[in-house]
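Asker: Residue-level listing of the chains:
Protein chains: 2
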Amino acid sequence: MSILVVGSVAYDDIITPYASRNNALGGSAVFFSLAAHHFNSTKIVAVVGDDFKPSDRRMLDAHNVDTKGLTVEPGKCFYWKGEYLSNWNDRVTHATHLNVFENFDPVIPESYTDIQYVFLGNIAPSLQSRVLDQIRQPKWVALDTMNYWISHAKSELIETLSRVDILIINDSEARLLSGETSLVEAARTIRGMGPRILCIKQGEHGAFLVVDDQIFVAPAYPLCEVVDPTGAGDAFAGGFFGYLAAGGLDDFESLKKAVIYGSVMGSFTVESFSIDRLSTLTQADIDDRYQKFVDITHFDR
Amino acid sequence: MSILVVGSVAYDDIITPYASRNNALGGSAVFFSLAAHHFNSTKIVAVVGDDFKPSDRRMLDAHNVDTKGLTVEPGKCFYWKGEYLSNWNDRVTHATHLNVFENFDPVIPESYTDIQYVFLGNIAPSLQSRVLDQIRQPKWVALDTMNYWISHAKSELIETLSRVDILIINDSEARLLSGETSLVEAARTIRGMGPRILCIKQGEHGAFLVVDDQIFVAPAYPLCEVVDPTGAGDAFAGGFFGYLAAGGLDDFESLKKAVIYGSVMGSFTVESFSIDRLSTLTQADIDDRYQKFVDITHFDR
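Read top to bottom, the protein sequences are chains H and U. For what it's worth, our numbering labels the leading residue of the first sequence as 1, then goes sequentially. For what it's worth, our numbering labels the leading residue of the second sequence as 1001, then goes sequentially.
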């Protein structure tokens, strides 16, 4: 069962404490779909500029990502220049140029409108709603957002959330959205806004899943080296939602496994710049890391 | 098998974002022994001033904590005044008065010298070594330390670490001691200093255990409300080491369970000021939370 993902396609300049890379392919739709494609076919709806490289489109095609919904507009792709500080948790944005993204109005190709699984990447909540307006009968809608929309478009976001099944955000966003310090309390408040399922990403500290009154907590995979955290959250969402959509799964046990698959995909992403690791993964790599996750977290009852 | 714990006994003034308490019983030896006593009898070696309340000694006695090694000196108990900031992870020290602790020279009572399990709480590394000099044939020595000693007495600390089996520290201390950012790399470096077993506490983010080349990661118990984090790390160590010593256990599976018992004791500690929750716990409370830990972390392979 295919997933529709709406989000950004970008070229980023990334600075880390140890290295930097310019013009790195990024964007939420790219990271999400490259993670999800290991479980499921995905269809991207996004806008790119005329600087979008044909080789990048071919790379997506080669990964079973349908790019029919990738609109090319005159101008440049979304651009972000960011720097990660030495603790890896704090980052500074040096520049954000919306470019062709500024007038993005997602139009869902007619052949996509009966899709069942929809992932609304981090874009304006009003655009996320407009996407949903065009989908006939989605079975599951998952949404990501960020501090900017929580602060500047809260009422639109809350309206969109009422139409969403799964919210996938990070811990600081969950605290900002709910006004609660405790993640347990934050989850309670946010679930009252609509999403039945809440998955809170905690970066290097793991993830926290709340489904009705059930809780699951998972640590992150311990890495020897972090190269570039960009896209890890989107790849997490891709692994999480990709696993669920592939099997049409919605029980709590499957949702827990989805969190681990999300963590697996996020952990690979940070091991290299941009999509370098994510685009070369094999099924054996994924299976092996899932098993390592089992090994390092299992303890006797 | 009893545990000998050497550390501080203190009266603290605590300020949190929501409340404050003055003259709260604290200190590493107190939190450790009140957590460990649920698994095992403990013997404290520490110094207190003549302001140490008889009711506090009676409370320790009532919890099966042997206070024969608690020396009373003229003056006041160790005093710390600290404030937790709204994220709970950062804290500011407003005052530290060593008081009678300034000239603390731990003398191990003769009847304690054949003890097998020794926990060296967070005191000067040279004093930790002096304690070990007085123990005939310890089976397992565990040590805690802090940033101050890592920065100001590193060579003494490294010398002491060569005599230690288990190091229990937090993540920032592990990074400072090793000079590594990644906890995996930090663990490798620190294990080269002596301790075969390394348990890195990550506060609200769980714990990380490294035994030889095996790794275990555990998330923290998700709490609705934090009241006072003081002593959580010491209570973690008490649960961890108490469980191991009680059964004379040293296999990897038992060490993993010890991490969970440590997390259980730490999670109770932060639910109230000082020792309020820790001193009223029942075995059923502990068993129940251990089971909850199993429930919220277990996933299918």
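To be clear, the hints were calculated from the coordinates, so they are not data collected in a lab. Quantities reported herein were computed from a predicted structural model and do not represent experimental measurements. Keep in mind that a hint or two might mislead.
Below, a sample of chain U positions facing chain H; criterion: calculated Cβ distance under 8 Å [unchecked claim]:
1. 1041
2. 1136
3. 1176
4. 1179
5. 1183
6. 1184
7. 1299
Glycine residues also receive a C-beta, built at the ideal position from the N, C-alpha and C atoms.
Asker: If a hint holds in the structure, say so; if it doesn't, say that too.
Answerer: Hint-by-hint comparison with the structure:
no.	hint	verdict
1	1041	violated (25 Å)
2	1136	violated (34 Å)
3	1176	violated (13 Å)
4	1179	violated (12 Å)
5	1183	holds (6 Å)
6	1184	holds (5 Å)
7	1299	holds (4 Å)
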